[in-house]
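*Asks:* Now for the letters of each chain:
6 protein chains.
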Amino acid sequence: ERDKYENNDVAGVVTGLAWTSVGGDILFIESILSKGKGTMTITGNLGKVMKESATIAMEFIKSNADRFGINPEVFDKYNVHIHVPEGATPKDGPSAGITMLTSLVSLFTQKKVKKSLAMTGEITLRGKVLPVGGIKEKILAAKRARIKEIILCEDNRKDILEIKEEYVSGLTFHYVTDMQEVIDVAITEESVKNAKSL
Amino acid sequence: ERDKYENNDVAGVVTGLAWTSVGGDILFIESILSKGKGTMTITGNLGKVMKESATIAMEFIKSNADRFGINPEVFDKYNVHIHVPEGATPKDGPSAGITMLTSLVSLFTQKKVKKSLAMTGEITLRGKVLPVGGIKEKILAAKRARIKEIILCEDNRKDILEIKEEYVSGLTFHYVTDMQEVIDVAITEESVKNAKSL
Amino acid sequence: ERDKYENNDVAGVVTGLAWTSVGGDILFIESILSKGKGTMTITGNLGKVMKESATIAMEFIKSNADRFGINPEVFDKYNVHIHVPEGATPKDGPSAGITMLTSLVSLFTQKKVKKSLAMTGEITLRGKVLPVGGIKEKILAAKRARIKEIILCEDNRKDILEIKEEYVSGLTFHYVTDMQEVIDVAITEESVKNAKSL
Amino acid sequence: ERDKYENNDVAGVVTGLAWTSVGGDILFIESILSKGKGTMTITGNLGKVMKESATIAMEFIKSNADRFGINPEVFDKYNVHIHVPEGATPKDGPSAGITMLTSLVSLFTQKKVKKSLAMTGEITLRGKVLPVGGIKEKILAAKRARIKEIILCEDNRKDILEIKEEYVSGLTFHYVTDMQEVIDVAITEESVKNAKSL
Amino acid sequence: ERDKYENNDVAGVVTGLAWTSVGGDILFIESILSKGKGTMTITGNLGKVMKESATIAMEFIKSNADRFGINPEVFDKYNVHIHVPEGATPKDGPSAGITMLTSLVSLFTQKKVKKSLAMTGEITLRGKVLPVGGIKEKILAAKRARIKEIILCEDNRKDILEIKEEYVSGLTFHYVTDMQEVIDVAITEESVKNAKSL
Amino acid sequence: ERDKYENNDVAGVVTGLAWTSVGGDILFIESILSKGKGTMTITGNLGKVMKESATIAMEFIKSNADRFGINPEVFDKYNVHIHVPEGATPKDGPSAGITMLTSLVSLFTQKKVKKSLAMTGEITLRGKVLPVGGIKEKILAAKRARIKEIILCEDNRKDILEIKEEYVSGLTFHYVTDMQEVIDVAITEESVKNAKSL
Ligand SMILES: [Ca+2]
Ligand SMILES: [Ca+2]
Ligand SMILES: [Ca+2]
Ligand SMILES: [Ca+2]
Ligand SMILES: [Ca+2]
Ligand SMILES: [Ca+2]
Ligand SMILES: [Ca+2]
Ligand SMILES: [Ca+2]
Ligand SMILES: [Ca+2]
Ligand SMILES: [Ca+2]
Ligand SMILES: [Ca+2]
Ligand SMILES: [Ca+2]
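Chains as they are written, first to last, in our numbering: chain A, 11 to 208; chain B, 11 to 208; chain C, 11 to 208; chain D, 11 to 208; chain E, 11 to 208; chain F, 11 to 208.
Please keep in mind that the hints were generated in silico from the structure rather than gathered at the bench.
Remember, predicted model here, so these are calculated numbers, not experimental data.
Don't take each hint at face value.
Identical copies go unnamed one by one, so any copy, or any two together, can satisfy a pair.
Below, in silico cross-link-like pairs of lysine to aspartate or glutamate (EDC-like), each with a Cα-Cα straight-line distance of 16 angstroms or less [stated by the list, open to error]:
{"id": "1", "residue 1": "45", "residue 2": "86"}
{"id": "2", "residue 1": "124", "residue 2": "191"}
{"id": "3", "residue 1": "206", "residue 2": "76"}
{"id": "4", "residue 1": "45", "residue 2": "76"}
{"id": "5", "residue 1": "146", "residue 2": "35"}
{"id": "6", "residue 1": "47", "residue 2": "86"}
{"id": "7", "residue 1": "124", "residue 2": "194"}
{"id": "8", "residue 1": "45", "residue 2": "191"}
{"id": "9", "residue 1": "153", "residue 2": "35"}
{"id": "10", "residue 1": "45", "residue 2": "83"}
{"id": "11", "residue 1": "47", "residue 2": "83"}
{"id": "12", "residue 1": "158", "residue 2": "176"}
{"id": "13", "residue 1": "146", "residue 2": "172"}
{"id": "14", "residue 1": "45", "residue 2": "199"}
{"id": "15", "residue 1": "153", "residue 2": "76"}
So that you can see chain A by itself, here it is in the shape it has in the complex (with noise of 0.2 angstroms):
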């Protein structure tokens, strides 16, 4: 499974952390464009919080356009899919909001997202990000998938202090505020193959 996560050719995927009954996982966000007149789909099992974090991390991306290089002409120009495998696993809840903030922001700008890289974390519309719940089991689902880095909010730094150092060893933790600081590790200054040209 390895080259799943080392993989960033194609923009517009990240790698996600979740909780769920059973444990810890990690999971991808995808997004895509299509010509269009700027419809929204999202797909993927999601419940309606989930679907909320896609909205609000659309809706900052267009009130924000200029801060990312964004012409925003591009938004009433193209459709975006974003879609969350595995169709067969329901998911919900707001800590996928940084992760598909990151995931339009390497679509629209067509720029890799860094390897080896996932996280967690709730966005608000101001750009905040706020803490998530399941640290715990989603670092140890991000080791199993040998993953070296990981971005939480600073909130969540004392539930790194309490896991046992052999579980986070390896691992470079990026506490952060808001979505600049997410952005500035995350998005690469590279284009991504075959860049669209927006």
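Assemble chains B, C, D, E and F with the ligands onto chain A, guided by the hints.
*Replies:* For chains B, C, D, E and F with the ligands alone, kept in the frame of chain A given last:
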């Protein structure tokens, strides 16, 4: 957490007081604008009544645009998104009405909201402010969050008088009967940083 | 609370009588206009039948615009919002029909509603007024709120006759069979303060 | 109540017969026109099947406009609203079909409906009239309301023959098999007062 | 009732066979056209699967317009309404698929449907006919209604062979595998009375 | 039944493998085009996740039109309908994803699908193929239906290795990791009979 409530650099962010099954809590109302055609999006895991509060606030502003110095043509050129973190918590009830309206006035005027201020109250379509429940629990939460000033409905004055003085010492209360009083207290003359010219 | 019912400075605010599981109560119908394309929004935690009353009232006015001296082109240029505080209380049933229609006539004519007046009755699409239940409880609530005049359906006259005289002394009753009679009693010749020129 | 059923001054008001858990009852179908773009609104606390009857009636009229002498361009210039008082009573079933169609024919032709006439029967899309249940209870309700003539499906003739003669004395029955017969009986040659010129 | 099944003067009326909890029954599919923009309305108290059959039938006709000699521009100029009396009976399942498609072919070609013919079978999007259940009960109902010819899926031939000969004597069976065979049997060369020129 | 799986004359028909409570089964995905404005209709008594698979397949094709040699203007000029017989059986889950995408590629290229081929696998928005469950039951169903070749996710290879050899003898397996491999196996160079020129 203190800086959360002291920072007022961003338009549309206002502190409200909530009353949940586990006690009082503070919550934020966030709103943003993006180029669009006048749609309104509401997120934050809100129930029907709380969504209605957002609709009432928006329609009240549209109907009274001149009173607030807002060019009504703005409403057709931007989409508004109102969000209430934290997504994992279901929220409902009418008591965020005046907070939502204050958020939208700040947003459309790009004026700063007063620092260290929180509020709770139902809004009506003609701008009257109605009393709400859970006052004692909300006040305790406000003190814990180092709020300094609180706006309440005049009809909630009696609830404050029933609270032990040590719990309210250091808090300034503004008792109001209509939204204009709320705006007079809450919206400053100062524009936010990087104010958008709508 | 008295000034609530004595004040008629705002167009579209009318006092209704409600009958809930905990007894009679008064309620307000509020309506406002904003520049738009003719949509109608209804809020206040209302059930299906009460929302239908608002639709019936609006369609009746549109179909009889000339009778009320309303320029029908107005309907396409403004959005109407009808709200019934208090949002925390679920409300349903057809008995606010004549109150809603009175509110809309006041709104579209910008005429003041008579002071200290309350009403309850179902409206039909051809303008007939139908009797409603809970009359005794509603009358007691009206007296507590210092209402002076009450509009009821002619078919509810018998319900008033069954109430002890001391409970109805000081109240003037207007028994009606169609909406024109309601309007004749309720809408004054005087324009509201700062009347909008539609 | 008598004048309710004898008055036919208004277009679109037709008397139907209903069968509820507490016995037979009469009901009115009301319909009105307002300037618009051809939408149809249906109110009256109706179930799915009764709403479908309204849709069938409207589509049948549109498809057979010439037969009824209606200019088909009218359908795009007016909105139609069909309402069934009394809103507090849930209503369902297909038996108001012919009443609704009669209401719409009266509305679009602005012709008076025959006085003291009631009817019950399901309508099909090709204009056939189908039999319905609860005939005995409906007839008793019609007599109580001083109805003089009743339109029924031919297949309901047998139900009338089973009723004691004293209950049906003084009533004239019209047994029909298709809508044209209903219209021939129910719609007069006379225009309503203040007929709209569509 | 006989004339019901012998009459084929109206386009779009086709006899189907249904299987309900109380045995077999015959049902009609009715469809009509009205000037419009290409919408489709479906009524008759139908469940989700039966509504899907109508959608499949309509889309199959649109995709194969030339095969049926239909000018595809017609689809944008008329609204189609498909109805299945009797509204009081909930109906569901895929077995009316070929009946619905036959109804629509008759409607859009304005050709008469063969007299005394009934049918039952699921339709697929590529025009294949699939077998359905309840064959014995349906055949008995068809005989009671004096149906003479029946169209069934080839895969239902075995179900007919299991029925006592006396029950099927006098009935002609057409076993088909795709819709073209259904149309060849069911749609005559003759135009309906007062055929619309589409 | 054999010809069902050997016939590939029609564009858009692809054989999938399903796993239900009563064992494995084969199913067809059918898709057709009609002149329109780019809407997508999905039928077949499908659950939410299976409908999402159709959406994902369609959006993936739109986003990668050039890769498949499809003129993107086609998407706005035709409506797509995807159907999964048999309507009486509820169906859900993500495992028809690759079958749906193959159906759409055949449809938009008007190329024949390889004969005697079946497939099962989840699709992601970036074209990766994910493993699915019920492999053993699906393989048995495929053999019964005389399928010759099967496409599976590489991660499902281990499930095949656990099946007794006699059950898989005579079957050719194609293990894939992304959709391009599926298309390479499944879509032939040959156009369907009467190919539409899109
Ligand atoms: Ca997983
Ligand atoms: Ca930091
Ligand atoms: Ca909190
Ligand atoms: Ca005050
Ligand atoms: Ca109250
Ligand atoms: Ca009177
Ligand atoms: Ca009654
Ligand atoms: Ca007759
Ligand atoms: Ca029957
Ligand atoms: Ca055959
Ligand atoms: Ca099967
Ligand atoms: Ca491979």
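*Asks:* Does each hint hold? Answer for all of them.
*Replies:* Going through the hints against the structure:
1. 45 <-> 86: both (9 angstroms within a copy, 10 angstroms between copies)
2. 124 <-> 191: within (14 angstroms within a copy, 27 angstroms between copies)
3. 206 <-> 76: between (19 angstroms within a copy, 12 angstroms between copies)
4. 45 <-> 76: between (21 angstroms within a copy, 12 angstroms between copies)
5. 146 <-> 35: So residue 146 and residue 35 pass the 16 angstroms test inside one copy only (11 angstroms; across, 26 angstroms).
6. 47 <-> 86: both (5 angstroms within a copy, 11 angstroms between copies)
7. 124 <-> 194: Cα proximity of residue 124 and residue 194: one copy only (10 angstroms, versus 31 angstroms across).
8. 45 <-> 191: neither (30 angstroms within a copy, 25 angstroms between copies)
9. 153 <-> 35: within (10 angstroms within a copy, 36 angstroms between copies)
10. 45 <-> 83: Result: close both inside a copy and across copies, 13 angstroms intra and 9 angstroms inter.
11. 47 <-> 83: Both: 11 angstroms inside a chain and 14 angstroms across chains, each within 16 angstroms.
12. 158 <-> 176: Within one copy, since 14 angstroms is at most 16 angstroms while 45 angstroms is not.
13. 146 <-> 172: The answer is within: 9 angstroms in one copy meets 16 angstroms, while 35 angstroms across copies does not.
14. 45 <-> 199: For residue 45 and residue 199, neither the intra-copy (25 angstroms) nor the inter-copy (27 angstroms) Cα distance is at most 16 angstroms.
15. 153 <-> 76: Classified as neither; 36 angstroms inside a copy, 38 angstroms across copies.
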